[in-house]
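Enquirer: Chains as they are written, first to last, in my numbering: chain A, 1 to 497; chain F, 1001 to 1322; chain Y, 2001 to 2305; chain S, 3001 to 3305.
These are computed hints drawn from the structure, not numbers from a lab. Not one of these hints is a red herring.
Covered stretches of chain S (in silico footprint by chain A; criterion: 3 or more residues with CB under 8 Å from a CB of chain A, positions within the stretch not fixed): (1) 3173-3183; (2) 3188-3197.
In silico DSSO-like links for lysine-lysine, alpha-carbon gap of 30 Å or less: (3) K1309/F / K1136/F; (4) K3258/S / K1064/F; (5) K3258/S / K1086/F.
Short, incomplete list of chain A residues facing chain Y, as computed with Cβ under 7 Å: (6) P73; (7) A74; (8) I77; (9) M89; (10) Q90; (11) T93; (12) L102; (13) G103; (14) E105; (15) R107; (16) P110; (17) F111; (18) F112.
If you're wondering where the values come from, they're calculated on a predicted model, not measured in any experiment. Cβ atoms here follow ideal geometry from the backbone N, Cα and C, with glycine treated the same way.
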Amino acid sequence: MAAAVEMVGIEKRFPRVVANVGVNLVVEEGEIHALAGENGAGKSTLMKILCGLHAPDAGVVRIFGREVTDFRPAAAIAAGIGMVHQHFMQVPTLTVAENVVLGEEPRRGPFFDRRRAEERVAELGSRFGLPVDPRARIEDLPVGLQQRVEILKVLARGARVLILDEPTAVLTPQESESLYATLRSLKSQGRTVIFISHKLREVRAAADRLTVLRRGRTVGTVPIGEVDEAKIAEMMIGRPVLFEIEKTPAAPAGAVLEVRDLAGGRLRGVTFDVRAGEIVGVAGVEGNGQSELVEILSGLRQAGSGTARLRGRELSRAGPAAWFEAGLGVIPEDRNLRGLIGEMSVADNLILGRHRQPRYSRAGIVAGAARDADAAGLVERFDIRPADPRAEAESLSGGNRQKVVVARELSRVPGLLVAAHPTRGVDVGAIEFIHRSILAERARGAAVLLVSSELPEILALADRILVLCGGAIAGEVRGAEATERGLGVLMTGGAPA
Amino acid sequence: GKSDPAPGTTGALKVGLVFDVGGRGDRSFNDAAYAGLERAKKELGIEFEYFEPTHADREAGLRKYAEQGAPLVIGVGFAFTDSIAKVSADFPGQHFACVDWDTGSAPKPPANVAALRFREEEGCFLVGAIAGLTTKTGKVGFVGGMEIPLIHKFRAGFAAGVKAVNPSCEVLVAFAGLTPEAFKDPVKGKELARSQYGAGADIIFHASGSTGLGVFEEARARNRERGTVTHFVIGVDADQWEEGGHVLTSMLKRVDVAVFDVVKGTKAGTFPAGVHEFGLKEDGLGYVRDDRNRALIPDTVAQKVDALKAEILAGRITVPVR
Amino acid sequence: MTPEFIAGILTVAAPLLLAAMGGVVSERSGVVNIALEGTMLASAFAFTAVTHAFEPVGPDGRHLVDAAGAWVPFAGVAAGLACGVLVSLLHALVCIRVGANQVVSGIAINILAVGATQFACTLVFESSSNSARVASLPRWGLGAFTFTPAAWASFVAVPVVTLLLFRTVFGLRLRAVGENPDAAETLGVRPGAIRTAALALSGALAGLGGVVLAADVSQFVQNMTAGRGYIALAAVIFGKWNPWGAAAACLLFAAAEKAQVPLQGKIPPQLAQSLPYLLTILVLAGFVGRARAPAALGKPHESSR
Amino acid sequence: MTPEFIAGILTVAAPLLLAAMGGVVSERSGVVNIALEGTMLASAFAFTAVTHAFEPVGPDGRHLVDAAGAWVPFAGVAAGLACGVLVSLLHALVCIRVGANQVVSGIAINILAVGATQFACTLVFESSSNSARVASLPRWGLGAFTFTPAAWASFVAVPVVTLLLFRTVFGLRLRAVGENPDAAETLGVRPGAIRTAALALSGALAGLGGVVLAADVSQFVQNMTAGRGYIALAAVIFGKWNPWGAAAACLLFAAAEKAQVPLQGKIPPQLAQSLPYLLTILVLAGFVGRARAPAALGKPHESSR
Ligand SMILES: Nc1ncnc2c1ncn2[C@@H]1O[C@H](COP(=O)(O)OP(=O)(O)OP(=O)(O)O)[C@@H](O)[C@H]1O
Ligand SMILES: Nc1ncnc2c1ncn2[C@@H]1O[C@H](COP(=O)(O)OP(=O)(O)OP(=O)(O)O)[C@@H](O)[C@H]1O
Ligand SMILES: [Mg+2]
Ligand SMILES: [Mg+2]
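Okay, chain A solo, but in the shape it has when bound (with noise of 0.2 Å):
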């Protein structure tokens, strides 16, 4: 029988980059296959070959033992191709039934009939345990709902393969349970599964073989039996990675960050300090308010009552600009939307905002000779690849616009850094070293609050850990002491244990 999908010798190219060279990669019928590698390893870049939107410069794909000659959409739709893209694709001012069936809708004559559209789509979502209310519009619907339509959309199209990229990368912990109970239950179905992922934990639990990328070429496929998380992240990076991080203990001083009845959006009333050296971390499902207080400390959002003050000023209801100045470093949730200048350089962008400064300018031109030179250390110290300060942030892999953010913010020297997802879709490499980046903060003496969902995170850096659960502090819990459970059941809703 022939294997689901094979891909031999692919070669890919971009304008200044290679993505794909030589790689190979086998899929059996009816396995669920992980892809890993570090930030631009060129997973995704592969996987959009297999789904027709970018044709190879080299290389033969055979899809269920049929040579692909024609990389179009249609094409690997007709050849029983599904993919889930990282970024969805989605027409958010439609609903449910009109993204699911667009391409092949139903018509009577030449009308749209979306009663039987609707009628599909619900038969779909109940045949694979996948609800969601053909009515809705996407863009009022949870990232986790969008995704469920995103997989159904694909299997609406008969796909035979589902390919994933990074499915869980905006998942919460509970979200992605159930993506992962999905996917096995296509495989029982007998249907295919390719997905990309950065979480290892997730890869060990979730997958049946492996195939790890590294700079563009294949590393090799493992069965997952035959690997830990630490081989595994030794071959994406080909280094060993220390997964456990010596922590030395808090010496907290004076309170930095002051927050007192503070409310907005969902948030409803929270009360903390950070102090000098410590790492505070909030946990809790998405959609509980962190979003609002990380806006709200960011300046991006006025609270609605309460206060916060930072080094003694009080800035609840302040913009950006003074939240900056009274000495905020902040890594956004959203780098893509907030980070980064896609349009400038790696050096502008690793100075911007701090331009006034007599170091950078003079009389209002540019100090072009110290930008330079410390941005060069910068990207050395940080490890940005590639390691040309000139580069547009744009050309970068989101791991190294991530590091760009990270490199930014640490070097500003901040007395309070809000930390929000700061790994989220970085490799294990990349995690390692932001890891100890905030650790060092901490240590050099910055108040340091952390926003993850990813409860190892916040395990591994707290000193102490807030709770939030429907927009207030569920409670409050020593890093030491925490455990996943213990966060788990806080996160939910029950009594502290």
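With chain A fixed as given, assemble chains F, Y and S with the ligands onto it according to the hints.
Expert: Chains F, Y and S with the ligands alone, transformed into the frame defined by chain A:
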């Protein structure tokens, strides 16, 4: 200036003419000037060229003909006043004529310029009287082009004429706009006519260049629908009878005569420099009553109007200009 | 509000409505269509020239305008539609196939349309400013409410475009492409093809708008659209890219223009005349502030291959 | 290529250059500035009117144009600059503070500018089409290359804007806001303030462009910009939003316009006049295809607070 082609020589005299907005084919003001040149071509054997300016190239048009050495360059419309004043100074050896010269902005034309002006209010008074005497609804309309003193002269004369014979008659007034474009907007003209006919007017006098073509169109459409002629238009500048059977009469502004006279004088070596006013007395104005529209204007009406004309000529009636 | 006054508003609104529907179709597919103005103008001329060409000619070479067969102006209507489609496809070529800036392509087309129609007018009618009078379209209707078939079409266009956008498969794809062409592409919908079709339709609608204008006065006049394409575009945005909203905005603009006539002499003339434009600015400033444009509006779509 | 011809091209290019630099500044900050056209026109009038106002008046009430002090036309220049800034700030108000559609705001401003200048011209000069002749700016230079100080400023504007955009802190922030206002905001840069400042500067530049135009002929003529603002905008895009690129495009357009004069009489005038626009379409279709606009161009920025 360039070479000085002596006026009055026997070779074909070359005339350059620059039209006003509305341009060639407005079947009114501009075409009247064109008719004067056609006649001069036929009767005097001259040659001419014309130019339809688009936006700001009026002066460029004048200059072009002056540079080509045309002994006579004509600008049609008050808007040429400043441009002719300027260009004529640069070409002192050539002649220029301006229809509707604006004495407000340049009281004394240069020595090589013929400033042709009309006392439009007098002719408008007469067609106003015709309208006042023939209206069946007791309401008549006036559609002006651009709202400027020149067009207010038309309105004032017309309204005075109406009131002189029919004091209870209402005169509806509308202007198409505040820019020169208002002389070339038949769509707007039609809309204004629609409003005035809709408000009960049965005769509309237009003084609006090709904007008036829309007025004719509205009357034509209304009459066609009803199968009888109930809505009338009074044409302006030229005899606009050709616009259809609903043209009650036309207020003739003999731009053709004025243009022809200037050409003739230039050719004969007696260029008429200075300001020339054309009124009823000079036969520069008039109204149409011939075999084609005689049925629309009864003899009693014509007699009354001729009496009024005599009073104006005798100076017993002074027609208002604003 | 006499019937005459209402009918007057509808007459003024008719060409705006058609152009606005063209604008809705094009912008919903993600293409900014400033070229509406030039499209209308070119079609107005095409209508006039072709109607003229089919009129019988007397022995003296004059066109017997009123003796023309009833079908003659309809040939002109067909020409106006075809011309609108062609101009719009030029816009499509420049900004979909080539991916150039849509605003600039639209402006360039508008300026070219002014020059080209003047030039063609000189060739056909020996005047760059006015055409001859041409055969009229019939008028249908009752009482004050008699309009040319082209104007009637403008009233029908609003529900038809609504149906098209929100009830047909083509409309669904068109809206999807205007919001997220990448997503549509992954599902096998070709954004370029959909946008080209949308522009062709947009051109036909705007072209018919130009025909309404020229047919209303049975002639062509230099630059006779006089900014109506721009006003229609403003109406599209004011109407939040919704056909009924845009139609309401067109009626509002038409009413403002109509209302200006009785206001003449009562308020300063400059104020009366700029009423529609002032309204545009006010309306834009006040209402539209927060309207949400189609997400991919104005962005050329590059297929990722 | 005589020196006269080159100087001629430079004269034609001067107002385009200034407007294009205004366009670069505004578009790089993320604001589409179609209002360039109206800004130029308004400033051309402001220059003329204020120069006129400061001229000495003779006993007969006539303006003694040639007896005016040397400073008089410079007062006009200042007025032109101020007027440009004001018009541009109106655009800023509508599309930055209110967040309305930038294309439509620009078009509305252009239409209003035509009406308002004509109206004001009627008030001040009793003619809607031409102003009186006003006092002239001096001309500086050597041989064929003598220009008004305003025209000289246009040549200096290109390197100055380049420096401003790429070497100063303000320029850096401006570009940041044009690419990603959200990111800039979190870094303490206020997108609204930067864009407003960029538009003010853009208005000053475009306004000076209008002044160059009016100063060149020492008078105001109805709608004298005649589409130059639009051409400048096309040049900005053709030049890929880079000051030098835009300047090169302006020179190209100016050369096309200059070349059109000897062509007149050989090809139809309408064709000759559309040459620059034909060039625009060709150039757009051919070259600019893949140019990348500032990422946030045309998108109103809503602070998330
Ligand atoms: N359309 C494109 N044009 C140019 N370069 C591209 C394009 N798409 C991807 N690349 C580059 O190709 C390389 C591989 O990218 P790809 O997205 O496949 O990485 P990845 O393995 O999915 O990374 P990540 O873990 O960050 O998602 C990167 O350097 C990326 O910047
Ligand atoms: N807005 C965001 N904020 C934080 N992380 C994000 C965001 N969007 C995506 N990510 C995550 O960042 C990682 C890299 O994404 P990004 O799209 O930047 O990389 P890329 O490889 O350049 O793109 P692609 O894979 O689409 O070709 C992914 O794991 C993704 O889930
Ligand atoms: Mg990827
Ligand atoms: Mg990625």
